[in-house]
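Asks: Listed in order, the protein sequences are those of chains A and B. Using the working numbering, read the first sequence as starting at 30 and increasing by one per residue. Using the working numbering, read the second sequence as starting at 792 and increasing by one per residue.
Hint data in this document are derived by calculation from the structure and do not stem from the laboratory. Careful, some of the hints might be misleading.
Claimed, not checked - Using 20 Å as the maximum straight-line C-alpha spacing, the simulated DMTMM-like pairs for lysine to aspartate or glutamate come out as follows:
{"hint": "1", "chain 1": "A", "residue 1": "Lys46", "chain 2": "A", "residue 2": "Glu98"}
{"hint": "2", "chain 1": "B", "residue 1": "Lys1026", "chain 2": "A", "residue 2": "Asp166"}
{"hint": "3", "chain 1": "A", "residue 1": "Lys212", "chain 2": "A", "residue 2": "Asp232"}
{"hint": "4", "chain 1": "A", "residue 1": "Lys343", "chain 2": "B", "residue 2": "Asp1034"}
{"hint": "5", "chain 1": "A", "residue 1": "Lys352", "chain 2": "A", "residue 2": "Glu188"}
{"hint": "6", "chain 1": "B", "residue 1": "Lys823", "chain 2": "B", "residue 2": "Glu844"}
{"hint": "7", "chain 1": "B", "residue 1": "Lys1052", "chain 2": "A", "residue 2": "Glu312"}
{"hint": "8", "chain 1": "B", "residue 1": "Lys1021", "chain 2": "A", "residue 2": "Asp330"}
{"hint": "9", "chain 1": "B", "residue 1": "Lys823", "chain 2": "B", "residue 2": "Asp914"}
{"hint": "10", "chain 1": "B", "residue 1": "Lys1052", "chain 2": "A", "residue 2": "Asp232"}
{"hint": "11", "chain 1": "B", "residue 1": "Lys1026", "chain 2": "A", "residue 2": "Glu160"}
{"hint": "12", "chain 1": "B", "residue 1": "Lys983", "chain 2": "B", "residue 2": "Asp873"}
{"hint": "13", "chain 1": "B", "residue 1": "Lys1026", "chain 2": "A", "residue 2": "Asp320"}
{"hint": "14", "chain 1": "A", "residue 1": "Lys339", "chain 2": "B", "residue 2": "Glu1033"}
{"hint": "15", "chain 1": "B", "residue 1": "Lys900", "chain 2": "B", "residue 2": "Asp880"}
{"hint": "16", "chain 1": "A", "residue 1": "Lys319", "chain 2": "A", "residue 2": "Asp330"}
{"hint": "17", "chain 1": "A", "residue 1": "Lys339", "chain 2": "B", "residue 2": "Asp914"}
{"hint": "18", "chain 1": "A", "residue 1": "Lys156", "chain 2": "A", "residue 2": "Asp118"}
{"hint": "19", "chain 1": "A", "residue 1": "Lys351", "chain 2": "B", "residue 2": "Asp803"}
{"hint": "20", "chain 1": "A", "residue 1": "Lys339", "chain 2": "B", "residue 2": "Glu1002"}
{"hint": "21", "chain 1": "A", "residue 1": "Lys90", "chain 2": "A", "residue 2": "Asp118"}
{"hint": "22", "chain 1": "A", "residue 1": "Lys243", "chain 2": "A", "residue 2": "Asp203"}
{"hint": "23", "chain 1": "A", "residue 1": "Lys177", "chain 2": "A", "residue 2": "Asp153"}
{"hint": "24", "chain 1": "B", "residue 1": "Lys1043", "chain 2": "A", "residue 2": "Glu346"}
{"hint": "25", "chain 1": "A", "residue 1": "Lys291", "chain 2": "B", "residue 2": "Asp873"}
{"hint": "26", "chain 1": "A", "residue 1": "Lys93", "chain 2": "A", "residue 2": "Asp153"}
{"hint": "27", "chain 1": "A", "residue 1": "Lys343", "chain 2": "B", "residue 2": "Glu1042"}
{"hint": "28", "chain 1": "A", "residue 1": "Lys339", "chain 2": "A", "residue 2": "Asp252"}
{"hint": "29", "chain 1": "B", "residue 1": "Lys1026", "chain 2": "A", "residue 2": "Glu327"}
{"hint": "30", "chain 1": "A", "residue 1": "Lys291", "chain 2": "A", "residue 2": "Glu327"}
{"hint": "31", "chain 1": "A", "residue 1": "Lys352", "chain 2": "B", "residue 2": "Glu1039"}
{"hint": "32", "chain 1": "A", "residue 1": "Lys349", "chain 2": "A", "residue 2": "Asp203"}
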Amino acid sequence: MAGILVYALHYEGAFNKNSLGAVAEAARLASELGTEAHAIVVGEGVSDDLAGQLGGYGAAKVFKVEGPEGLSQPVVDAMAKVMTDNGHDYALFGGGLLGFEIGAGLAARIGAGVTMEVTSVSVDGGKLVAERPILGDSSISESRYKGKGIIIGRLNAFEVPASNGGTAAVETVDVEFSPWSTKAKMVQRGEQRGADVDIEGADVLIAGGRGLGKPEGFDQLQDLAGAFGGNSAVAATRAVVDAGWYPYAAQIGQTGKTVAPKLYLAAGISGAIQHKVGMQSSENIVAINKDSNAPIFEFSDLGIVGDLNKIVPKLIEAVKAKKGS
Amino acid sequence: MKICVLVKEVPDAAVTKRIDPSTGRLDRGGEKNLNPYDTHAIEAAMQLKEGGEVQVDEIIAVTMGPGSAVRALHKAVSLGADRSVHLSDDALAGSDVAATGYALAQTLKRESPDLVLLGQQSDDGECYTIGAVVADHLQMPSLTQVIKMDVSDGGLRCERQAEYGYDTVQVELPAVISVGDAINEPRYPSLKAIMGAKKKPLDALGTGDVEIDASRVGTDGSQVECGNFKAPPAKSAGLIIEDEDTNETVEKIVAWLDERKLI
Ligand SMILES: Cc1cc2nc3c(=O)[nH]c(=O)nc-3n(C[C@H](O)[C@H](O)[C@H](O)COP(=O)(O)OP(=O)(O)OC[C@H]3O[C@@H](n4cnc5c(N)ncnc54)[C@H](O)[C@@H]3O)c2cc1C
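Input sequences plus hints: build the corresponding full structure.
Replies: What follows is the structure, encoded as structure tokens:
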């Protein structure tokens, strides 16, 4: 049986959206291959009820493993065992941090081929073929697997259907974790940091990235948001939040918030996929970036190729003047 | 404590990258440089050494790559590594991520490091993955995308941003840690360090020196076959303004916003 096993990430009783998309994609591919899609859930005290919900997205069976959540190596142990015992040929991940870590570790463990950032998967000659954009998305490359294959999807690559309400059979699996995988311990998971900035309800979001050059760059963006007045706020990319320039509560993207304001003005932001997924539904996207090849220009409605240090101060004055008129 | 830092030579970010149609591989000609993320890994090693919380005896830069990769090692040494190791062999050409990680792990085994550090991504290809592959072969705990790392309880206390907020993870040594670029601000090498870099010890090794099973590396030993390159679907781009006269640019932006009632 050339079955497909999907890792389903969950937090506080709910599954990650990308994991649900991966389950649905695996179900579609499995039916083309004439096999089944299964899912695996690792966690402490996960209920059969929660695990079984994956059946609604197409999992024929869910393997449930008691173990630590949020760390990759215990999941590698669990997936290697389940794949070996059940003869799965493929593992599919919905993208995100743990997908990268687990997928790569699993490839090493079971001697499989691995492809990351996959945007589309198809069946050819009874095997899976994955497509992956490379070289800054300027080209797409096809991956074929000699034996077992591990496919890590790009964020939002796989559509998430509504659950059909079905439930899957849940099988509890005992896993003996390898000695090294118990040497990393979660001290705190999912901590929320920084002041409570409310960006989700704003109509105008002025977002800043590393192109601001220094934390003080955000003062300028505050002035610009102030010039727009009304319901406007300032947001940030992960690069600057990680660097401590702006609070996490205002981070847009995969590991931050998803927003859809009327206007999203991005200053000094490259437009990485993990950022894009958080703001692509904005009604109007304006980007200021000095690099004409920055990916953000590919999905902005108005792109300004130039130095934000020259443009933003003048824009503040012009918006103020316009508002005053 | 002995720290090995994995480094990689990558095409300069400023140079346009392309696929060589005859081999189907990335064209690695042109300007090359040390992968910028790796300079953060070297800096993290230096800060552990200088921090005084643990005794760091040696920092060793390790790379796998063609002859030219020596320059990346020199750069790593100029940034603080005490010596370097270069794994280079024709048999390694065409290795995929899993095969590369295996070959690097075999090279590292020879050094028995207490800590392996690397940058979380390279400018030219597979991202976020090599650390986990290496860790599995070395049977060490691993964590990727770390943005803060402190010595604590005989191990390392690491922080990173994950899907749901920040994770704090305590990792026992020996371990493999990949770091993000927010972890530190790498120092500039001194002129003296640059001049002295070529004189520091450099071990040049082939697959035979580090017990690499040749059937597990190179194109034949790789489990993924890549090819059939094609252009992505064309995207409908928005309006682009090149800023030449900033007053004029700003006028255009305001007009655009005004037209859409956004102002
Ligand atoms: C698992 C995972 C999850 C992630 N989650 C998120 C997330 O939730 N949100 C997020 O944002 N990112 C996330 N990232 C990170 C993401 O991949 C990018 O690294 C990040 O978005 C880059 O931020 P940036 O655009 O500010 O910085 P950079 O990519 O460094 O871009 C800075 C840009 O500024 C431009 N610039 C520089 N100077 C100037 C100037 N004077 N004037 C104009 N332009 C200038 C440059 O040309 C460049 O394009 C995640 C990554 C991973 C691996």
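Asks: All hints are to be evaluated individually against the structure, with a verdict given for each.
Replies: Evaluation of the provided hints:
no. : hint                 : result
1   : A:Lys46 x A:Glu98    : 17 Å, holds
2   : B:Lys1026 x A:Asp166 : 12 Å, holds
3   : A:Lys212 x A:Asp232  : 46 Å, violated
4   : A:Lys343 x B:Asp1034 : 12 Å, holds
5   : A:Lys352 x A:Glu188  : 42 Å, violated
6   : B:Lys823 x B:Glu844  : 36 Å, violated
7   : B:Lys1052 x A:Glu312 : 12 Å, holds
8   : B:Lys1021 x A:Asp330 : 26 Å, violated
9   : B:Lys823 x B:Asp914  : 11 Å, holds
10  : B:Lys1052 x A:Asp232 : 12 Å, holds
11  : B:Lys1026 x A:Glu160 : 18 Å, holds
12  : B:Lys983 x B:Asp873  : 14 Å, holds
13  : B:Lys1026 x A:Asp320 : 18 Å, holds
14  : A:Lys339 x B:Glu1033 : 13 Å, holds
15  : B:Lys900 x B:Asp880  : 18 Å, holds
16  : A:Lys319 x A:Asp330  : 16 Å, holds
17  : A:Lys339 x B:Asp914  : 29 Å, violated
18  : A:Lys156 x A:Asp118  : 9 Å, holds
19  : A:Lys351 x B:Asp803  : 43 Å, violated
20  : A:Lys339 x B:Glu1002 : 57 Å, violated
21  : A:Lys90 x A:Asp118   : 16 Å, holds
22  : A:Lys243 x A:Asp203  : 50 Å, violated
23  : A:Lys177 x A:Asp153  : 15 Å, holds
24  : B:Lys1043 x A:Glu346 : 14 Å, holds
25  : A:Lys291 x B:Asp873  : 54 Å, violated
26  : A:Lys93 x A:Asp153   : 31 Å, violated
27  : A:Lys343 x B:Glu1042 : 10 Å, holds
28  : A:Lys339 x A:Asp252  : 15 Å, holds
29  : B:Lys1026 x A:Glu327 : 7 Å, holds
30  : A:Lys291 x A:Glu327  : 19 Å, holds
31  : A:Lys352 x B:Glu1039 : 18 Å, holds
32  : A:Lys349 x A:Asp203  : 64 Å, violated
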